[in-house]
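S.K.: Residue strings, one per chain:
Protein chains: 6
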Amino acid sequence: MMSVNVRMVDITGKAESERLAVAEGKIRLRRETIEKIRRGEVPKGDVLAVAKTAAIMAVKKTWEIIPLCHPIPITFVDVNFDVMEEELRVRVEVKTTAKTGVEMEALTGASVALLTVWDMVKSLEKDQEGQYPYTEINSIRVVEKVKRQL
Amino acid sequence: MMSVNVRMVDITGKAESERLAVAEGKIRLRRETIEKIRRGEVPKGDVLAVAKTAAIMAVKKTWEIIPLCHPIPITFVDVNFDVMEEELRVRVEVKTTAKTGVEMEALTGASVALLTVWDMVKSLEKDQEGQYPYTEINSIRVVEKVKRQL
Amino acid sequence: MMSVNVRMVDITGKAESERLAVAEGKIRLRRETIEKIRRGEVPKGDVLAVAKTAAIMAVKKTWEIIPLCHPIPITFVDVNFDVMEEELRVRVEVKTTAKTGVEMEALTGASVALLTVWDMVKSLEKDQEGQYPYTEINSIRVVEKVKRQL
Amino acid sequence: MMSVNVRMVDITGKAESERLAVAEGKIRLRRETIEKIRRGEVPKGDVLAVAKTAAIMAVKKTWEIIPLCHPIPITFVDVNFDVMEEELRVRVEVKTTAKTGVEMEALTGASVALLTVWDMVKSLEKDQEGQYPYTEINSIRVVEKVKRQL
Amino acid sequence: MMSVNVRMVDITGKAESERLAVAEGKIRLRRETIEKIRRGEVPKGDVLAVAKTAAIMAVKKTWEIIPLCHPIPITFVDVNFDVMEEELRVRVEVKTTAKTGVEMEALTGASVALLTVWDMVKSLEKDQEGQYPYTEINSIRVVEKVKRQL
Amino acid sequence: MMSVNVRMVDITGKAESERLAVAEGKIRLRRETIEKIRRGEVPKGDVLAVAKTAAIMAVKKTWEIIPLCHPIPITFVDVNFDVMEEELRVRVEVKTTAKTGVEMEALTGASVALLTVWDMVKSLEKDQEGQYPYTEINSIRVVEKVKRQL
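Residue numbers (full-length UniProt numbering), protein chains in the order written: chain A, 1 to 150; chain B, 1 to 150; chain C, 1 to 150; chain D, 1 to 150; chain E, 1 to 150; chain F, 1 to 150.
Don't take every hint at face value.
Here are the simulated BS3-like pairs of lysine-lysine, each with C-alpha atoms no more than 30 Å apart in a straight line [said to hold, decoys possible]: (1) B:14 with A:145; (2) A:99 with D:44; (3) A:14 with C:122; (4) D:44 with C:36; (5) A:99 with C:36; (6) C:122 with D:99; (7) F:147 with E:147; (8) B:99 with D:44; (9) D:14 with C:145; (10) A:145 with B:145; (11) F:145 with C:14; (12) E:14 with F:126; (13) F:147 with B:44; (14) B:122 with A:14; (15) B:14 with A:147; (16) D:44 with C:14; (17) E:44 with B:14; (18) E:44 with D:99; (19) F:36 with E:44; (20) F:126 with B:44; (21) E:44 with D:14; (22) F:44 with B:145; (23) F:145 with E:99; (24) D:147 with E:147.
Since the hints were made in silico from the structure, they are not lab data.
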């Protein structure tokens, strides 16, 4: 038998714990774009509400997107934004009661929040050639991971 | 009628063009993790093959993940990696013949490739408290976007 | 931090209970369409079997369709129809053992059952201009919701 | 060969046309709930932004939810709400250039918008026994369907 | 750049053709199970209607299930069964107008039809130890593939 | 009430057990194709890594593909291949802690692994008319099913 070198971790025997993970990330945007987000003047609409909704939905679908993630019964997702002068930061918190942690879920949520922000402001970030010389997603990382015995 | 402030762009009247977009991104990893990726010694298996497969599948599902993206008949996806000493870079190229561009698809593919890399090397990147003090995804951006009249 | 005003309910600390929810709804159809459903003469086929299958599948996917719904391990779905003279009624029962109720699942099942019925009889309900002057879905509501401590 | 009585319509030979469909529907809510939606005081947040986002995403997924619907490259979705004294109305417009119409997509969008509204205001609509004696979705119908030769 | 060895075929430059593919397969079942299918006495219900519905839905989702398949706008699916004495055969026909063929779609449809049949008759096929000594899916193959220039 | 003859099994009252199921299957391929798989010379790339990734993802999605399957929190999937002279065999093992067994998940994983292999070697298996006279999937069956009281 050829064991192809792709292995899902076996969590069958693990006990359920209460789990929390927090991930963050940021997107660099033009100052004018940031201004329009603040003023609610982005043509595609309410950037943060759509990005937050997208992030929550992506957190729940992480196991469908990341091949070796286990399906997890997400019990809470929170998504908050910090609108700075030249960038927009996101912080995603995910909770569950499960046999494995939710850091991939939090990271996926942060990534999708920022990708959705980008999609919402595409017309404002593109230059005349239709390129994005300035826009960039950065610093996607796990801020905190907690496991609490039940 | 209250027009809620969320607007999908109307592309009904646009002509189909040949479209290409290239996105890049990178993930900072410990030197030992990079070494294990190079040597094929990561416990969860072939990191780059799984990450590439995940990225291709995510590109095709972008319209399901990013709320205001249009469904697009993807005709090609390529995903390549550059394994540096302290980071792993990904470059995703997407093509289609459609009424709108595929930069969100390329960006989603790059993000999912890097998230999958993270998931594959979790056990190597975690410290003793189960935290990820070093791992970080950065520089997700659109490198090139091309539209060619048919 | 700007807290965007979209909040998933945190059910992490709630105990699991046995849950049941029943939803109903109805679709008004032409008498001739109802007759064809009864006689099994609808060109697209067995309306009720397809609608029931669609409803069961939709119940399981509710968390993918309704943004702030939690993923729930559905343990039972039943879908029954009442074919009246001028309308078709559906009753969807959903059960689970979970931390939150399943009324949204039952409502989604009832809605999808009725939408599927509509799709199956489109050709019989359209008038000569291709419009649907008569067809209408009504009275989608929760009939019963039960929570039983384990 | 037993031909099971379930038949997808064969649209292979049909020409592509520009298609538009508009569907409407409404949900009856308590006056106090309506007031809280107007004032932005619903605990789960911005009801209409989440419902609109959910509706757009559901329109794109209609072929996944309704078994015999063809996959269609949606080019535009618009969702608008009318907040009346005792009910909330939704109007969903869908466009495409395709071989078949988009009325099921518009109807699915309207249904999911209203289901999402319900989910957002659950805590305000439930009575002390956790039942929903008042809430009800009604009048989901196709208002207009247009086909324009290219 | 390390080119990971996973390559989607680039169909961007190919012309659209009318495509048809037919796949077949069969499942071996106990004679008593076959009898119950014929008489409509299977406890889980109408085996062939559910299997056909599942197959049509799977055909449309093939690009989500098979990593390197292109998304294809399916225009027709037909699924027929032949109930023999000791086995049940399925034949799935798929059509599209697209840049690539639909044999993977037809094969996926045939596989899912047979898997669904199995799921529907599980209780009849299991022995006293809960094993399936007799049930087996066989002969999944492409019967015909046609490409017709437009 | 017309009880449409489609019934999901009610597992609400069942206790959770540790579950394991193993399924197998095989695909007949040309000797030259097998040789190219062994040597890593298949143009579409690493056949077994992509097939294994696809199988793991399909196992997790079984409840979405097979209409009456319950959603199950998969805790482990393993996929192994045996490359023979004229055929390739797959063995899929699935584990969970749940109220019902995972044989449909294992069978779906085996089917999708083999379909993905087919997709990866299409260009090598097609004859000059674009037909597949030789390729065939066979012997998909449950090898073992275990239920262990917790």
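S.K.: Next step is simple, just say for each hint if it's right about the structure.
M.R.: Right, here's what the structure says about each hint:
With a C-alpha separation of about 47 Å, the suggested pairing of residue 14 of chain B with residue 145 of chain A is violated against the 30 Å cut-off. Note on residue 99 of chain A and residue 44 of chain D: the hinted pairing holds, with a Cα-Cα distance of about 28 Å set against a maximum of 30 Å. At roughly 51 Å between alpha-carbon atoms, residue 14 of chain A and residue 122 of chain C are farther apart than 30 Å, so this suggested pair is violated. With a C-alpha separation of about 44 Å, the suggested pair residue 44 of chain D and residue 36 of chain C falls outside the 30 Å cut-off, and the hint is violated.
Straight-line distance between C-alpha atoms of residue 99 of chain A and residue 36 of chain C comes to about 51 Å, which puts the hinted pair past the 30 Å bound. The hinted pair formed by residue 122 of chain C and residue 99 of chain D meets the criterion: a straight-line CA distance of about 16 Å does not exceed 30 Å. For the given pair, residue 147 of chain F sits about 49 Å from residue 147 of chain E by alpha-carbon distance, which is inconsistent with the 30 Å threshold. Taking the CA atoms of residue 99 of chain B and residue 44 of chain D, the gap is about 36 Å. The hint is violated against a cut of 30 Å.
At most 30 Å may separate the alpha-carbon atoms for a hinted pair to count; residue 14 of chain D and residue 145 of chain C exceed this at roughly 47 Å. Among the hinted pairs, residue 145 of chain A with residue 145 of chain B is inconsistent with the structure: their alpha-carbon atoms are about 37 Å apart, more than 30 Å. Distance hint between residue 145 of chain F and residue 14 of chain C is unfulfilled; the C-alpha atoms sit about 33 Å from each other, more than 30 Å. With a C-alpha separation of about 19 Å, the suggested pairing of residue 14 of chain E with residue 126 of chain F holds against the 30 Å cut-off.
Among the hinted pairs, residue 147 of chain F with residue 44 of chain B is consistent with the structure: their alpha-carbon atoms are about 27 Å apart, no more than 30 Å. Proximity of residue 122 of chain B to residue 14 of chain A is assessed by CA-CA distance (about 17 Å); at most 30 Å being required, the pair is judged to hold. Pair hint residue 14 of chain B plus residue 147 of chain A does not hold up; C-alpha atoms about 51 Å apart against a cutoff of 30 Å. Proximity of residue 44 of chain D to residue 14 of chain C is assessed by CA-CA distance (about 18 Å); at most 30 Å being required, the pair is judged to hold.
Note on residue 44 of chain E and residue 14 of chain B: the hinted pairing is violated, with a Cα-Cα distance of about 49 Å set against a maximum of 30 Å. For the proposed pair residue 44 of chain E and residue 99 of chain D, the alpha carbon gap of about 36 Å is over 30 Å, so the pair is violated. Between residue 36 of chain F and residue 44 of chain E, the direct Cα distance comes to roughly 44 Å. Violation of the 30 Å bound is thereby established for this hinted pair. Using a Cα cut-off of 30 Å, the hinted pair residue 126 of chain F and residue 44 of chain B is violated, with the two alpha carbons roughly 34 Å apart.
For the proposed pair residue 44 of chain E and residue 14 of chain D, the alpha carbon gap of about 38 Å is over 30 Å, so the pair is violated. Restraint check: the Cα-Cα separation between residue 44 of chain F and residue 145 of chain B comes to about 25 Å, which is no more than 30 Å; the hinted pair holds. The straight-line distance between the Cα atoms of residue 145 of chain F and residue 99 of chain E is roughly 43 Å, outside the 30 Å bound, and the hint therefore fails. Only pairs whose Cα atoms come within 30 Å are accepted, and residue 147 of chain D paired with residue 147 of chain E is accepted, the gap being roughly 29 Å.
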